[in-house]
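The task is simple: from the sequences and hints, build the whole structure.
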Amino acid sequence: MAELTHVTPDTPLDEVVGILERQGAVIVEEFVDPATLAGLREDLGLGLETAGYSESGYDGKKTKRLSSLFHRSPRHMTEVVLQPQFLGAARRLLQQPTHMWIGKIRMEVTPSVQVSFTQAIRIDPGQGRQPLHRDDAMHLWRHPGPPCRLQLMLALNDFTSANGATLVIPGSHHWDDERAPTYAEAVPAVMPAGSALLWPGGVYHGGGANTTDSPRYSLSVALDLGNLRQEENQYLAVPRETVMTLPEEVQRLLGWDRCPPGLGQVETQDPHLLLERTQEELATRPRGANPLK
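Using our numbering, the first residue of the sequence shown is number 1, and each one after it goes up by one.
Fair warning: there could be bad hints in the mix.
With a cut-off of at most 20 Å between alpha-carbon atoms, the simulated SDA-like pairs for lysine to any residue come out as follows [stated by the list, open to error]:
hint, residue 1, residue 2
1, Lys-61, Asp-213
2, Lys-62, His-133
3, Lys-62, Pro-125
4, Lys-61, Gly-126
5, Lys-62, Ala-162
Please keep in mind that the hints were generated in silico from the structure rather than gathered at the bench.
Pasting the structure below:
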């Protein structure tokens with residue numbers, strides 16, 4: 001059985017993007033450092049433990065899922081989403097310049113990217129294989145064509161072919177929409193804890209079966225084009241008080257941004273100005289004043 005290509009954090013971005021374009025998937029080993037990995041396990045472990053099992057067969061009736069990850073682990077999720085090969089590859093693949101006409105003026109426009117989806121996943125023993133699917137089906141995306149999403153699956157413990165490693169069909173982002181996927185074409189994303197699988201939204205994939213006696217832990221993040229609706233409503237999932245503590249780049253990725261030519265505006269302005277205004281107001285409050293009043 002073929003294996004997916006593995007790279008390191010030192011691998012040049014051009015090489016990572018090239019692998020994604022050709023093969024549709026790449027594994028970045030040591031994607032996060034040990035401290036970030038431990039922090040994510042601590043922040044998300046209890047929530048996954050107390051979460052109920054999914055009710056649908058598609059999501060896995062022996063699988064637990066937890067969303068709103070930037071609310072649950074803002075500091076460590078910031079490290080994940082700003083990892084240079086993930087965010088860099090997303091910008092290279094998704095932010096393709098296009099043009100529009102306004103009267104007789106031809107305007108060049110480059111869309112933004114945004115966090116569309118976050119989820120921690122625990123696949124328990126006895127869970128079978130998930131149906132193979134494309135994540136960009138959420139937006140009824142057509143193929144072949146340019147991607148609208150780059151997704152990652154971060155291994156919080158070792159991924160093996162026996163414990164439910166994500167199954168991927170290399171090259172399936174080049175298929176049209178009439179070809180159905182089969183498990184015989186899929187390859188398990190075997191990788192050590194702290195590694196991440198990256199793939200464009202047009203790649204067929206699915207969770208593997210866990211035939212061991214221990215859970216498989218992971219988290220997933222999707223970056224989408226800024227002109228598409230987010231799969232997970234980040235404005236409600238992450239309280240503004242938490243958003244205020246995050247770097248500006250992450251705030252904009254969560255949707256506090258205006259995607260060219262004008263999606264997401266507030267009173268015709270960039271919504272990030274609301275955060276800046278709130279920050280200024282907090283800075284001028286008397287010491288000890290209630291910031292929520």
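We went through each hint and held it up to the structure:
For the suggested pair Lys-61 and Asp-213, the alpha carbons sit about 16 Å apart, so the restraint of at most 20 Å is met. Restraint check: the Cα-Cα separation between Lys-62 and His-133 comes to about 19 Å, which is no more than 20 Å; the hinted pair holds. Annotation: proposed proximity of Lys-62 to Pro-125 holds, straight-line Cα distance about 7 Å (limit 20 Å). Restraint check: the Cα-Cα separation between Lys-61 and Gly-126 comes to about 10 Å, which is no more than 20 Å; the hinted pair holds.
Proximity of Lys-62 to Ala-162 is assessed by CA-CA distance (about 15 Å); at most 20 Å being required, the pair is judged to hold.
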